[in-house]
Structures are given as structure tokens and as C-alpha cells.
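Chains A and B are the protein sequences, given in the same order.
Each residue of the first sequence is one higher than the one before, starting from 1 at the first, in my numbering.
Each residue of the second sequence is one higher than the one before, starting from 1001 at the first, in my numbering.
Don't read these hints as lab results, they were simulated from the structure.
Heads up, some of the hints might be wrong.
[Unchecked claim] Now the stretches of chain B that chain A is said to cover, found in silico as 3 or more residues with beta-carbon under 8 Å:
| no. | stretch |
| --- | --- |
| 1 | 1049-1055 |
| 2 | 1239-1246 |
| 3 | 1463-1469 |
Ideal Cβ placement from N, Cα and C applies to all residues, glycine included.
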Amino acid sequence: MKTVLVVDDAAFMRLSIKNMLQGTDYQVVAEAENGKEAIEKYLEHKPDIVTMDITMPVMTGIEAVRELVKKDPNAKVIMLSAMGQEQMVKDAILSGARSFIVKPFKQEILLKTFSQFI
Amino acid sequence: MSEMFSNTSMLEMYIFETTQLIGQLENMMLEVEKKNSYDEGCVNEIFRLMHTIKGSSSMMLFNSIAHLAHSIEDLFYFIREQKPLTIDNSTLCDLVLEGIDFIKVELEKIKNGSEPDADADYLINRIKEFLLFIKGGTPNLKEIIRPEKNKKQQYYIAPDVKQETEEVNYFFANIKFQKGCEMENIRAYTVINNLKDISEELINFPEDIIEDEKAEYIRENGFDIYIKSKSSKEDILDLINKTIFLENLTFKEIEEKEAKEIFRKPEKIILEKEIKIPKLESTDEKAEEKQSTPNHVAQNVISVSVTKLDQLMDLVGEMVIAEAMVTQNPDLKDLELENFHKSARQLRKITNELQDIVMSIRMVPLSTTFLKMHRIVRDISKKQGKEVELQLIGEETEVDKNIIEHIGDPLMHLIRNAVDHGIEDGDIRETKGKNKAGKIILEAKNAGSDVLIIIKDDGKGLNRDKLIEKGLEKNLINKPIEELTDKEVYNLIFHPGFSTKENVTEFSGRGVGMDVVVKNLEAIGGSIHVDSIEDKGTTITLKIPLTLAIIDGMNVRVGEARYTIPLMNVRESFRPVKEQLISDPDGNEMIMLRGNCYPIYRLHEFYDVKTNIKNPMEGILVMVDQTEKSSCILVDELLGQQPVVVKALPNFIKNTKNIKGIGGCTLLGDGSISLILDVNGIEYGE
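Go ahead and model the full structure; you've got the sequences and the hints to work with.
Structure, rendered in C-alpha cells:
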């Protein structure tokens, strides 16, 4: 079982991802509503993979990636972006995110993206 | 909807969250409109809200909502990045509010299980046009695309470049992505990024692959990678094959000699292994942080379905009854049971606490309902060209969830009326020496087991003569005019079909409504009072109970039957003396008390119950408050006062017969059923 931390300010998105991962080899061990929480949860759970929303209150996904990678260079963060956020995705990747997924996405894409890092 | 989301809880979550976000957005827009300015935090927040809605909606495949949200998001992205100096604020607000309405309607459809099928294109086009328009008015358009960070070569080497003792292999790969996967440049970058973990050295073409301009090239031609790695061919191939949206891969091993050629060139800059970290975002993102922090204090809240709460409430109700059945069990009478009573007391204490807690769970602040009124006021006043300010007081007051649902519509109607009929046009107000802008105060406060909601406007007030004239015309007055109290006159407005406004407007004045308002309120045990001073304004007070589920009741007996009178209606109870009893010329029984006359209703006659007590002086009179007056109800005896759980009459009774004066039923401690009286229904029919 691989562990996943889901970071998104929308409870709906968190639930979506959780549902998609149900019955797969991945288990959502923690959820966070913003970047700050994400870092705390990451240090607590040390998940194998982090899915990270970009626009979030308190601390954006990009800042969170930066912090996370500083704390753990091996952190595997996958950005969840929406159409029209190219620049932000780029910033996130340059900050150390490993990959990105564009919303809306299907389970297949999510799992395939994960599999790159396991 | 795709099968993936057939799961209802997902849908529920979507609806719940989106509704909330839309609500926040609406309030924010109204505030913005009022202040007529956008601060950065606000724009950021609107952007973020729209962004979230877009994300969730597109996941649920509600495309029209997603596209609409996207266009509004674009709009605010522009405003955020560009900070245009002049925006037609009113058009912007109109557009966004229209968008909000659209999404609301669609959400409602989704809630009711139908497909959100409306077409948002028209609205989206208008938003796009508006965006173009404000773009036109802003110089330096190019800055929308954020300034590029200065890029350097992207050659990667693993930290230990020193001496390779192990065997190294060289590979070449050309990777092409599927059509339409977008952001090819960034995708390519991540592929390279992943490969570097198992590579000694890596060269890619085109260089600077993350630059936006490279996307087109990669889309057409793919991109090339030269890899120097200790890993086996299989490992590398495997990793590349996992690439998302991989369309075509050319992969081959290359000879060491050839490879050395290729890898020589960049040797000088090979130490540029640092990945540059972009500078922190500009200040606006920080502003966002500050702005939103107070709103997002981590809270441990879960959402529970109301049905479950209703069930819980029901169960607690049953438990309260069961507790009474055990502790007041007739079998225990006259027994010395010290320990039992001790435990029973403990049980009672806990059930009471449980009941309180469950009640409090169901309590919701009025603020959501109140805040909606801003929108109502805005829409009407804008349409009618009036200036109206709505002030909310005490919106944190809590009432039962069920009640909240029932007062939204009546409130809306009253507020509409206040703006439409109450507040005068600006010029007229000025001639009367009032502020040009009208003011409506919406206030809530607790009063015992009731909540008062007060709607106060400073408009023209009710005109007694006009009301009477209209009342006569509609044949609603059956008393000499001089005898009519102000209150009776004002109450005319609650009659069905009564309307003094000559011109029916879009918002109010069709004469339907006020009576509906009253009906809605009465359905939840509330009442309404009007007070008015001409040219000073009108005050409408709604009195609504905190909760419907549990009431304090006075249990009474008539013959074999038990009744419960809601304590809030009971004024006093007493045994009359002969001198007080009188009868009016029609032979109706009355009682004279402290100089006032009250009608007497014999409950045994009213419900045709057999009883031996037919003389008021042998029974007990309970004086109850009815809407307009007070009356006395004759019962055999009082059984005591206790909180009772209100249960609706079973449908088979409701459907067969409409029993006047019965509001529901409850179970008493001994297991018998008691009918709860609706005192307003107790009067002799015409």
C-alpha cells in the first residue's frame, strides 16, 4: 500500500480523489486544506505521494511545494491544476513538483501519473 | 454524468460545497458593489472561489457551470494581474451576479435530480466581451503574461559526476505527446526531471524546454533526449513509458563514441546543476494570505444530513418519553425505592442534557438567510432607481433548521414590500426632509422561547384612510369605521387579495403574498404584527418559535381524553366563581375578568368528549392567547406541565379529516397519547 496526502481547499476535490483511489494500491492517509496544513501533514505522515492544488488560501500550492522540497528533496508532489494555469504549473514544477494533472481528470490518469514515482 | 460519480455522496458534497461557495461569492460581490472598489484581497478571493467552482464542476462534468466559472475567473485574473484603473463596476457586478444566478439555478436542477442543461454561452460571451472591453482600456496588455523568469540551460547531472567506475550506457529518445494534451513544454520538462534521477547526464533538445514557445515545436516534432546512465535500458524505457499522454516513442541505445561527441559540448556549463527557484510571488499573493487567514481558521466541522438529525431528534424524543415511562411507572407507585430514584434522577439528567445538545445541533444562525436579503434589496432598488441601505442586526441569532427553511420566503416578501411600497423615491424623500437613501433594518433577537425578527423601514408608512377605503371596497370591514383600532386597520394588509398599490410592479403588489406570509408563519407557530407611523415608517415584527420539535406543554384532561396546550399560549388557569360567568345576547358563554370579557370554549363540547364535569365552576378554565384575542378553555383538570416532543398527526388521520384546533400529538409518560391543541383553531365556526 502506498500512502497519499491530498491537498485541496475544496472538500469535493478531496473526496473525488479519495474515491478514485479506493480499491487501488494507494491509500489516502491524510488531507489538507491549504499549503500550510499540507506541510504539517506531510511531516507527520511522510506520504509516498502528495497531490497538491494550486490556488488555496493561507498558503498556495506553489509555496507549499517550495517548502516541502526544502524539507524533503525526495517529496513527490503532483500538482493538480486547471485549464489556464500554465504559468503556475510551470512555477510549481520549477519549484520542485514532479508532475501535474489537469482538472478534470479520470482515475486512469491519476493512477498512471502516480505510477511514475513509485 | 459519468459513472465514476454515480456515488451520491460525491454529488451531495459537490452541491453542498458549491452552494456555499456561491453564497460567499454573492456576498462578496454585493460588498464590492457597495464599496465600489476592489481591493486585492477581494479580487484574489473571488478568483479563488470561481476557480474552485470551476474545478469541482468540471470534475462532475457540469460543463456549462465550469465554462461560466472559467470565464469569470479569467475576468478576475485580468483584474488581479492588470489592476485596470477604470472598470465599469456596475456592469461587472451585474455580470457576475447573473453568473451566480445561473449557477444557482443549475445547482437547483442538480439537486432535484435533473440535468443542468441550460446554455451559458450567451452569458459567457458577454463576459468575454466585457473582458475585451476592459482590456481595450488598459495599456501594456502584454504584462498579462507574467514576466518570464530568466531561463538558463537545463542540463542535469547527478551530484556525483566524478569518476564512474561502473559501466555507463547511452541512450537516445524522442518523445511525442498525444494531440490536445496541452502544456507540452511542461510535460516534457517533467519527463526530463524524472529521468534525471537515474541519469548521470542528460541533454535535451529543444533546449530550455519549459519555455512556452517550445510547446508548439514539441507538439509537432516531439523532443529529443540524450541520456547517459548506469541504469539498464529496460529501466529507462520503463520509466519513459509511464509518461502520461505518450503518443510515440523512439528509443535506442547509442554507441559510446557517438555519445561522447554529443555530451562533450555542454561540458563547460555542466556544473549548472542548480535548478533555479523562482522568486517568491509578487505581493498580491501575500495579500491573499493575509486577507483570507481569518476566514479559514482550521475548524473541525463535519456536515451531517438533516434527515439523520431528524431521526436523532425523534429518537431522543422517544427516549425522553421512555424515560418518563420507566421512572413514573405506575407499578413503582408507593414503593420505597431509594436507589432506584437515585439512578432515575441520573437518567433524567442525562436525557435532559442529551436533548439540549441535540437541539443545539439543529440550531443554525439566521445569518445566511439574512445575508440573502442584501441581494434582494440590491436588485429591487436598482431596478426602481431607489437608494436603499439594508442594515442587519443580530444575524447570529440561532433558530431551528426547519424553521429557517420556512422563514426565508416570508422574509424575502416582506423586504421586497418594504423597498417597493415602503421606501419612497429619492426626490420625494428629500422633500420630506429625510435622507435620500432609504434605510431598512432587519433585526433578530431572542425573546424567551421565541425569536423576534423585526423589519423596520423609514418609508412612508401605512395610510389608515387609504387602508380603510380599500378595505371597504373589498368588503373586508364589518365594523363601524370609528371603532376600528389602528391595529385592526393595519391587519387588513394580511387579508388575501388586499392590495393598496395602484400599480402592480414586477416585485410586489399583486396582492398575493401577505396572506401567504401569514400562513407560512402560522404553519411554524409564528405570528406577525405591524406597526406604522405615517411618513415615519413601518415596523413588522415576526415572532417565531426557536424550535418545533419540543415544546413546553400543559397537560389537561377532559373525560378520558388528554390534551396538551403549548405553554407559550397559556396565560393563566383558574377556577371561576359564579359571579364572573355571564353570557352575551346570543347565548355564548363569557367570563368577566378584571373588567374584560373573554369567550369560554368547552373542550368537551368542542370535541364531543364524554365527561361528568359540565359546570365551569367544577372544572378549570385555562386562558390562552390567540392571535387577536384571548379566550378561556374549559377542561376537567390540569395534569401538569412538561416538555413534550411534538409529533405530527399520522397521515391517515390528516388525510381523512381535518380536525380543527389540533396541532399534533405527543406521548405522555404513561404511554398514553395526548393531542396538542393549536389554540388559534379553537373558536366556534361561523
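Note to self: Tell me whether the statement that chain A covers the stretch 1049-1055 of chain B is true, taking a Cβ distance below 8 Å and needing three residues at minimum.
What the structure shows: Contact hint for the stretch 1049-1055 of chain B vs chain A: holds, 4 residues under 8 Å.
Margin query: So is the stretch 1463-1469 of chain B in contact with chain A by the C-beta rule, three or more residues under 8 Å, or is the coverage claim wrong?
Written below: violated (count 0)
Margin query: Closer than 8 Å Cβ to Cβ for three or more residues is the test here. Does the stretch 1239-1246 of chain B pass it with chain A?
Written below: This one holds; 4 residues, not fewer than the three required, reach chain A with a Cβ under 8 Å.
Checked against the numbered hints given earlier, this structure breaks only hint 3.
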